[in-house]
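Keeping their order, the protein sequence lines are chains A and B. When you line the first sequence up against my numbering, it's residues 77 to 307, in that order. When you line the second sequence up against my numbering, it's residues 1329 to 1736, in that order.
Note that these hints are calculated values from the structure, not bench results. Just so it is clear, the structure is predicted and the values come from calculations on it, not from any experiment. Heads up, a few of these hints could be off.
[Claimed, not checked] Residues on chain A that point at chain B, a partial pick, calculated with CB under 10 Å:
(1) Val162
(2) Gln166
(3) Leu228
(4) Thr262
(5) Tyr266
Quick reminder that beta carbons are idealized off the backbone N, C-alpha and C, glycines included.
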Amino acid sequence: MEDDCHFRIPITSALRRKSPFAGLLEHMKKVKKCIEVLGEGLKEYYNGDFERFSEVARKVSKIEHEADLIKGNIRAHLPKSILMPVDKGQFQWLLREQDAILDHAENLAEMLDMRHTKIPEELREMFIEHLEKVIETVQAMEGAMRRFRILLETSFVTKERDMVKKKIHEVHRKEWEADQIKYKLTREIYKMEKKLKPMDEYHLLKIADWVDDIADHAENVADLIRSMIAR
Amino acid sequence: MITLIVAGILGFYMAWNIGSNDVANSMATAVGAKAITFKQAVIIAGVLNFVGAVFVGSHVTETIKGNIVNPDMIPSPTYMLLGFLSSLLAASFFVMLSTWREMPVSTTHSVIGAMVGFGMIEGGTACINWSKLAEVAASWVLSPIVGAILAFLVFRGIVKLIFERKSPSEAAKVVGPGIIGLTIMLITSSLLMKTNLGMMLGITIRKALLVAVICGILGMLTAMVALRKIGMKGKDEYDIVERMFRKLQIVTSCYVAFSHGANDVANAIGPVAGVFSIATTGVLNPKAEVPAFLLAIGGLGIAIGCTTWGHKVMKTLGYRITSLTNTRGFSVDFGAATTVLIASKLGLPISTSHTVVGAVIGVGLARGLDAVDLSVVKKIIATWLVTVPAAAGLSAIIFLILRTIVGG
């Protein structure tokens, strides 16, 4: 993410009013990092390796807290009198949705750490496939945000708008694909109803839901970017 | 003799204030866009202001800025002399106060306000040239608006001609030389038209225009050759464009600093020249010869002002309102410089500070900025509105005190 900040060399002076978009990108960096950490941890979890998951949950929670501080800072420096090139209400909402991704990630990590559920052998592959799709959705959203930043730097040229739109379409596609996998997964889990203990069954359904929530919020972020760049 | 020394010191003090407040006009955008550092900016501005003041600064200056006060209504030369001193002191105080509060104000307008203050006390309302004052008031509205419109158009032009293209860096190589040529043309014409330098060389307006066009074309050709070489390697397209404008922006900033020295040194030196004219000849000459050493004092004062307190207002303009990239900074500089140039050729008393603030807002309105802090803008505008009354009041009080001390 550092490389696309070349337009504006960061200024350390505390007196400077920081650009709200720089803050947004900083927050986004945390989202990306958090999902990376969580993704690695979840893969181990799915494979039945619970040993290090407590550590992962702790890390996720820490990143979420750091992001919260950034969010608070952006909000604190966004008084009524700021004139922005995009709708300020939408900007705030975007920030909230971005933060929701982290909230869900934290929730997921904590919940999974409370009860270590063994994923049945035959579902393992599908769970991992689902997780990967969700991560791809988040990554595509992060890409959309980068292009959005460039769009702002060029003051809304058509060419860059189209690039952002392309990225947003990608987010939608990935999210849809993740949904499809989730439905298939849910169906499979129901099929195993007889075999599994009720609590395991319940928890598997929940895991699929919780992971999918992350993609949903990533899609919301993309949608908000879309409405911010509407003519 | 003592009066002369006091006047010289006050003139220097005023010049120091002008330097510290107005340096931001020329350099703030360049510093905000990181084209140059703080230190470089104040040193460049100091040197250029000095050079501009001494070599291009007018040797014949209006002793009463904008002929705002009718000197015939004030019969006593002693009081006139006191008036000059008190208005210098009042204007200096006011500008220093605003610099300390980190607000950009118009030094021209504070001098005008101070003159009005003492004129009202000594000559009554009749001696004030009200229509001239109305012109000044109109420039509060006009100069930021014109600056905003020009900066808006320049920035939209850059977006349309460069950013919208398939390859912005290639487009910049075509458009860039044109812009450089235009900038150089503007600079040359402003240096030659109706200035000391132009008069010294005996250049008429038509000749000045011709020279400007030739210089512009030459600049364009040089730029075309120079730009062929730079930055094709890998880097981001927009980055190449920004880097090009970074160089351009330094040129425009230097130009604004130079012309600022040339134009505004009169604010400090005009009243001092008035005092000299009264002290040496006994009567006030509305257009007084300015001895070269006075210009040097003024230039030095401005230069020292730049380097000592220049950072204060620069912070407000460069960072507080918004942060600027190079293309934005260039648009602001170009819009503001052009507005000031046109106005000064038309003889309108407009202020560079007002125009620059207007230009920054103009770029903001072109959706070119991340966030414009309107609360800072409001504060700045409020400061402008109180400039003339505050300077007038201050100068009236100082004048009354001086008059009592001297004893009528």
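Cut-off 10 Å, beta-carbon criterion: hint that tyrosine 266 (chain A) touches chain B: 50 Å, violated
Grab the minimum C-beta distance from glutamine 166 (chain A) to chain B and call the hint holds if it beats 10 Å, violated otherwise. Hint violated; glutamine 166 (chain A) Cβ to chain B Cβ min 14 Å, cut 10 Å.
Interface hint outcome for leucine 228 (chain A) [beta carbon to chain B under 10 Å]: Result: holds, 7 Å to nearest chain B Cβ.
Checking hints one by one. Is valine 162 (chain A) an interface residue toward chain B, by the C-beta closer than 10 Å rule? 9 Å, holds
Threonine 262 (chain A) as chain B interface residue, shortest Cβ-Cβ below 10 Å: 43 Å, violated
The structure is inconsistent with the numbered hints 2, 4 and 5, although it conforms to all the rest.
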